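Trainee: Each chain is listed here by its residues.
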Amino acid sequence: MEPLYIVAIGVMAGAAAYLLMSRNVLRMVLGLLLLGNAANLTIFVAGRLGSSLPPLITGDQVSVAVSANPLPQALILTAIVISFSLVAFTVVLLHKAHQHLHIVDTDAMREAEPVDSAAYAVPDEERP
Amino acid sequence: MISSHALLTAPIAIPLIGLVLTTLLWRRPSLQRIASLVVSTAFLWSAIVLFRASLDGTILATQFGSWDAPFGISFVADKLAAAMVLITAIMAVAIAIYQLTDPEETGRPMFHPLYQGLLLGVTGAFMTGDIFNMYVWFEIMLISSFGLLVLGGTKEQLDAGVKYVMLNLVMTTVFLVAVAFLYGATGTLNMADLAGRIQTIENTGLVSTLAVLFLLAFASKAALFPLFFWLPASYHTASTPVLAIFAALLTKVGVYAIVRCFSLIFPVTEGLANMIGIIAALTMITGVLGAASHFDIRKILSFHIISQIGYMLVGVAIATPLALAGSVLYIVHHIVVKANLFLIGGVIRRKTGSYHLKPIGGLHRAAPFLAIMFCIPALSLAGLPPLSGFWAKYLVVKPSLDAGEWYLAATALIVGVLTLYSMLKIWNEAFWKMPETPAPEPVGAGRGSFAPQYVAIAALSAITLAIGLNPEPFIAFSVEAANQLSDSSRYINAVLESPYGRD
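Same order as they appear, the protein sequences are chains A and B.
Reminder that position 18 of the first sequence reads as 808 in the working numbering, one-by-one numbering, no gaps.
Reminder that position 139 of the second sequence reads as 142 in the working numbering, one-by-one numbering, no gaps.
To be clear, the hints were calculated from the coordinates, so they are not data collected in a lab.
It is possible that part of the hints are untrue.
Pairs of lysine-lysine residues, derived as BS3-like cross-links and limited to a Cα-Cα distance of at most 25 Å, are as follows [stated by the list, open to error]:
#: 1; chain 1: B; residue 1: 428; chain 2: B; residue 2: 302
#: 2; chain 1: A; residue 1: 886; chain 2: B; residue 2: 361
#: 3; chain 1: B; residue 1: 302; chain 2: B; residue 2: 436
#: 4; chain 1: B; residue 1: 302; chain 2: B; residue 2: 401
#: 5; chain 1: B; residue 1: 361; chain 2: B; residue 2: 401
#: 6; chain 1: B; residue 1: 166; chain 2: A; residue 2: 886
Residues from chain A that keep clear of chain B, each with C-beta distances beyond 12 Å, as calculated [said to hold, decoys possible]:
#: 7; residue: 835
#: 8; residue: 848
#: 9; residue: 857
#: 10; residue: 858
Computed from a predicted structure; not experimentally measured.
Don't be surprised by glycine CBs; every beta carbon is placed ideally from N, CA and C.
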């Protein structure tokens with residue numbers, strides 16, 4: 791199973807890198823989502839793919855010998871929740887940015903660091 | 004005697020309470036500010052108690068979730084972690100005081116919950132003994148900082164926010180992948196347990212790859228060359244209190260993570276040490292040159308953050324106990340000085356109406372007290388005796404020369420001179436020269452007094468002076484903290500042998 795997962799992760803990470811390097815912010819968010827999921831799958835494979843039995847200790851047993859590794863699943867759950875909230879924030883931020891700046895191309899976003907700039911230029915609103 | 008469980012939980016629990024409390028006081032801005040200050044003071048108190056408990060050299064450790072190490076999530080406070088929590092708490096109180104009458108964040112009820120959230124994330128990252136848990140604290144810190152950065156909703160902030168958020172999210176994902184690989188290679192996430200297991204891996208290539216992956220992830224958090232681009236693109240758009248707390252804490256969490264990982268988990272091989280040394284030198288140079296090219300106080304100071312991070316990394320590259328002590332002292336010195344400079348920048352802006360150095364001037368006459376208060380952190384940042392920066396730089400340069408790494412010592416000294424140039428530029432332009440045009444209308448004058456802001460600035464300057472005039476206890480402490488870092492067996496024993504929960 792591992793090779794299949796590894797190829798899938800590679801394809802996802804590659805697509806994510808491609809999307810992140812495009813200058814359209816919407817594509818960048820999609821790239822971010824894909825990259826996060828590639829990372830989650832990496833954790834899953836790192837925890838070894840073996841049995842798919844649930845790691846439950848039933849009755850008077852004291853341990854389970856062959857079962858799925860529960861730790862990566864817990865880690866992935868945590869990571870999914872975190873990346874969900876961060877991506878939600880990012881989408882809202884981009885929406886706001888689009889509303890105020892009317893651009894989706896990151897290269898055209900020069901509000902914070904004006905190009906012409908001469909670092910010496912005094913910003914207009916601060917000119918006495 | 005307070006149990007170590009309570010000692011280690013309080014600095015996390017108090018900002019969490021603050022977060023909830025300030026959210027509940029959403030509609031009562033004046034009450035919310037007071038609540039934020041009270042909670043920050045309680046946080047300082049808990050940090051002092053923790054610090055005192057770690058002073059005699061014991062490493063406090065506890066496990067959460069009623070699982071023994073290495074299965075439960077460990078919290079550990081050795082001297083370095085306790086000192087970092089203490090300095091975080093001092094900054095929290097200073098900036099909460101400064102914020103009392105600051106016009107910039109007035110009327111933004113979200114500031115205080117996010118501020119407490121940031122403190123929560125930073126403190127957690129300092130104390131955790133579990134690498135995945137560190138990732139979680141990083142994320143708490145990050146999402147709070149995202150919110151704080153774009154709080155004003157101006158065009159500049161939104162623009163800066165997009166870049167800051169994107170770059171940081173990508174690099175955090177790299178951190179997560181690094182954690183995944185580390186778990187795959189060792190089967191554990193507890194940092195003390197990892198330290199032992201890494202040594203049993205025979206494939207040295209795998210260990211180097213893991214080490215470099217972690218270095219990459221933390222380097223972007225710490226704004227090291229060449230991964231610092233998010234910092235000068237975004238910091239200068241934030242408001243003064245936000246900027247000060249960012250400058251004090253965010254990058255230092257990355258540095259702390261590097262110091263922790265490369266003293267505890269990964270062995271610093273010769274190749275890795277050379278690489279870190281070169282990165283440190285390049286970070287120092289690019290930062291200071293960036294600062295030299297700017298005339299906006301916030302941009303100058305933002306670039307100096309990058310430059311100073313390089314100094315902190317020298318200790319990791321040389322890795323002798325004295326060099327690590329230099330890193331520890333440098334981090335503490337830098338947090339106080341840098342936040343103070345940003346706070347002073349905020350007052351300059353309130354007095355003159357601009358952050359830009361060209362149109363302003365004459366402050367030595369208009370605000371003589373501020374001028375004196377500026378000299379202390381500014382000269383300390385440049386490393387002039389007898390201020391804290393001199394001793395911190397001394398502990399960076401001397402071990403470099405001892406180890407024969409002359410290029411690091413030379414870079415550190417030259418960059419010190421260039422730092423002095425930048426500070427003199429601010430002094431000449433903002434304080435010394437007379438403005439060509441009559442002073443513009445000050446921003447927010449008449450809305451609240453300057454008293455709390457001066458109190459915060461004076462307190463931080465006093466700390467700088469205290470370290471500078473009486474360096475002995477601070478250096479001794481740094482050396483002891485570095486000894487604890489060098490002898491990782493004490494950390495490992497403290498974590499793996501500590502009984503969980505109720506001791």
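Trainee: Compare the structure with each hint and give your call.
Mentor: Evaluated hints:
1. As the CA atoms of residue 428(B) and residue 302(B) are separated by approximately 13 Å, the hinted pair is consistent with the 25 Å bound.
2. Proposed proximity of residue 886(A) and residue 361(B) is contradicted: the alpha carbons are some 32 Å apart, above 25 Å.
3. Note on residue 302(B) and residue 436(B): the hinted pairing holds, with a Cα-Cα distance of about 20 Å set against a maximum of 25 Å.
4. With a C-alpha separation of about 31 Å, the suggested pairing of residue 302(B) with residue 401(B) is violated against the 25 Å cut-off.
5. Between residue 361(B) and residue 401(B), the direct Cα distance comes to roughly 38 Å. Violation of the 25 Å bound is thereby established for this hinted pair.
6. A distance of roughly 14 Å separates the Cα atoms of residue 166(B) and residue 886(A); the hinted pair therefore holds under the 25 Å criterion.
7. With a minimum CB-CB distance of about 7 Å to chain B, residue 835(A) fails to clear the 12 Å threshold, and the non-interface call is violated.
8. With a least beta-carbon separation of about 21 Å from chain B, residue 848(A) lies farther than 12 Å from that chain, consistent with its non-interface assignment.
9. With 12 Å as the threshold on Cβ separation, the claim that residue 857(A) sits away from chain B holds: the shortest Cβ distance comes to roughly 15 Å.
10. Look at residue 858(A): its CB is around 15 Å from the nearest CB on chain B, clear of 12 Å, so calling it non-interface holds up.
When held up to the earlier numbered hints, the structure conflicts with 2, 4, 5, 7 and fits the remainder.
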